[in-house]
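2 protein chains.
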Amino acid sequence: MTVPVDLVPVEPRVSAPFPPAAPPPPQHSPRGSARGAALLKEPFKVPTSPSQLRPPPAVGGGRPAAMALVETAVRGRLLPWPRVVLFGDSITEFSFQEGGWGASLASRLVRKCDVVNRGFSGYNSRWAKLILPRLIAGGAAAESTVAVTIFFGANDSALKDVNPRQHVPLEEYAANLTSMVRYLKSIDITEDRIILITPPPLQESAWEKECLAKGDKLNRRNATTGEYAQACVQVARDCGTDVLDLWTLMQKDQDFSCYLSDGLHLSMKGNNFLVGQLWSHLEKRLSALPSLLPYWRDVDPQNPEVSLLGAALQE
Amino acid sequence: MTVPVDLVPVEPRVSAPFPPAAPPPPQHSPRGSARGAALLKEPFKVPTSPSQLRPPPAVGGGRPAAMALVETAVRGRLLPWPRVVLFGDSITEFSFQEGGWGASLASRLVRKCDVVNRGFSGYNSRWAKLILPRLIAGGAAAESTVAVTIFFGANDSALKDVNPRQHVPLEEYAANLTSMVRYLKSIDITEDRIILITPPPLQESAWEKECLAKGDKLNRRNATTGEYAQACVQVARDCGTDVLDLWTLMQKDQDFSCYLSDGLHLSMKGNNFLVGQLWSHLEKRLSALPSLLPYWRDVDPQNPEVSLLGAALQE
Chain A
660 MTVPVDLVPV EPRVSAPFPP AAPPPPQHSP RGSARGAALL KEPFKVPTSP SQLRPPPAVG
720 GGRPAAMALV ETAVRGRLLP WPRVVLFGDS ITEFSFQEGG WGASLASRLV RKCDVVNRGF
780 SGYNSRWAKL ILPRLIAGGA AAESTVAVTI FFGANDSALK DVNPRQHVPL EEYAANLTSM
840 VRYLKSIDIT EDRIILITPP PLQESAWEKE CLAKGDKLNR RNATTGEYAQ ACVQVARDCG
900 TDVLDLWTLM QKDQDFSCYL SDGLHLSMKG NNFLVGQLWS HLEKRLSALP SLLPYWRDVD
960 PQNPEVSLLG AALQE
Chain B
660 MTVPVDLVPV EPRVSAPFPP AAPPPPQHSP RGSARGAALL KEPFKVPTSP SQLRPPPAVG
720 GGRPAAMALV ETAVRGRLLP WPRVVLFGDS ITEFSFQEGG WGASLASRLV RKCDVVNRGF
780 SGYNSRWAKL ILPRLIAGGA AAESTVAVTI FFGANDSALK DVNPRQHVPL EEYAANLTSM
840 VRYLKSIDIT EDRIILITPP PLQESAWEKE CLAKGDKLNR RNATTGEYAQ ACVQVARDCG
900 TDVLDLWTLM QKDQDFSCYL SDGLHLSMKG NNFLVGQLWS HLEKRLSALP SLLPYWRDVD
960 PQNPEVSLLG AALQE
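Sequence lines, in order, name chains A and B.
The numbering of the first sequence is the working numbering, which starts it at 660 and goes up by one.
The numbering of the second sequence is the working numbering, which starts it at 660 and goes up by one.
Bound-form chain A, shown alone (with noise of 0.2 Å):
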């Protein structure tokens, strides 16, 4: 089955707020099969139609037998389908919001893998490491798990006489930070498949603001969020993992104001400058990931159980 080269178009696409992911690889089939990691590793295979598959029949109106069977044979055979878990505060919990990098990173990874928002507002790594286990089970599930970010220090990092309900001492995040990639480790998610991202920097002026509005005194400061940063990308340096060292980042030769919100919570252009970051990162791995199922212009109208099928039934 080949489908001659000027055949396959540009996809119409409502506008897109990155340039458009690499043009599908034409007749990809990711087999049932194969799971999470070995996704990444898995070349493309070529479907062939095998000798010992007879193509059903094309569909037509009415051949309930014939795709009973087919539906029969396929049930069961489940398309693994990959996912990348963000783990972390508020800042991942919003990350779904207009224009958000939770959502962007979604649509750039849409028929590659899911993306699930474990963001919980609020939360410091004391409290993450406590949940962390009831979000990510060995087995299945952490097999197809391609990529975790960890995304914690925000709340860590509040002063501990203003705010000592959020706050946890900077050794203990690092102790946190640290066991938490040791749990998923423990459960076979390796440590190139996680990334630690440190907190973003705080811009002191504009939370004070919020801070007074709810009758509180300014309750982080900038210079200390940043030794937790430090510490976060030296635990990254010690368990082996890729870490994203957004504090420094957003500082590093220009005003960091026009990246948050509120002083805390990432604006539109932090989300972006957030999702640049981060896909620089997960590139590499991720655009090894096949897309499922096969491209439209890639299935034969004749006989689209082949293309649709064909590795589920060979199996």
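Simulated from the structure, these hints should not be mistaken for lab results.
Same chains, same names: a pair is fine if it fits in one copy or spans any two.
List of simulated lysine to any residue pairs, SDA-like, C-alpha gap at most 25 Å:
id : residue 1 : residue 2
1  : Lys844    : Trp740
2  : Lys819    : Pro960
3  : Lys943    : Pro739
4  : Lys928    : His940
5  : Lys876    : Gln961
6  : Lys943    : Arg770
7  : Lys873    : Asp957
8  : Lys876    : Gly781
9  : Lys928    : Glu757
10 : Lys844    : Arg736
11 : Lys911    : Gln893
12 : Lys819    : Arg956
13 : Lys844    : Arg896
14 : Lys876    : Arg956
15 : Lys844    : Pro739
16 : Lys819    : Gln961
17 : Lys819    : Asp904
18 : Lys844    : Leu794
Here the structure of chain A is known, so what remains is to put chain B in place on it, guided by the hints.
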């Protein structure tokens, strides 16, 4: 453990595209054993400090043994995380792009369920019917699926003589939709969790430009798409599922051209329109879903384990 009302403040949020969701009810505690549809019916469980559970000591810098015990106890007690599945063509596949209806839905449902994108650009209902069993299987995955949107017809209604590759006859389109609903019911995704969405209206002049740019003739007609929309509504009636008649709603007493970006796909305004309409269908059934894990102000800082793991440890 009672939190005084005046201690539950409004959470600072970055600019939300929609009215913010209702604040999470205090002290909710979704049960680890509750699943899927059961979650919808299950009332919030107010956690108590059970006499049989001795709260572990507050986590300080170094109580690894106690923490290890907690972690061991919780392992395997995965918090069930419901999901909404968006199944459709390019209008679904592109739904996480900037301002997209899928991302908006995910934002509204954050901490309640995942919204996963199963959009396949260019696909028609004939192909969709074939792949559905590869995307949603029975068992736990079906149980956790609290809603499915089935959104095809924009490609099926392509004109047979100009676009035979995507065209599906009207009767077969209806039969395919019916078959998909039947499949979902067969794996215990009941009709009350299924929403059919009709194709949007087609703005012929704009879409013709797109076709001409590719050297093609206009390959769809609004009147024809309307017949498919009508068939979709009829299938929903016959199957007892909900339906969102986008084709009719977008043309009701208004010029619908603003809802489309290229005559076929949704513009930002069209995305907003769709998510607004869809939300009115989903809100009533998904608003009862508990917000997963406690609101941060409800976490007892002295005994976060009780707040965060209480339900899991009780099982």
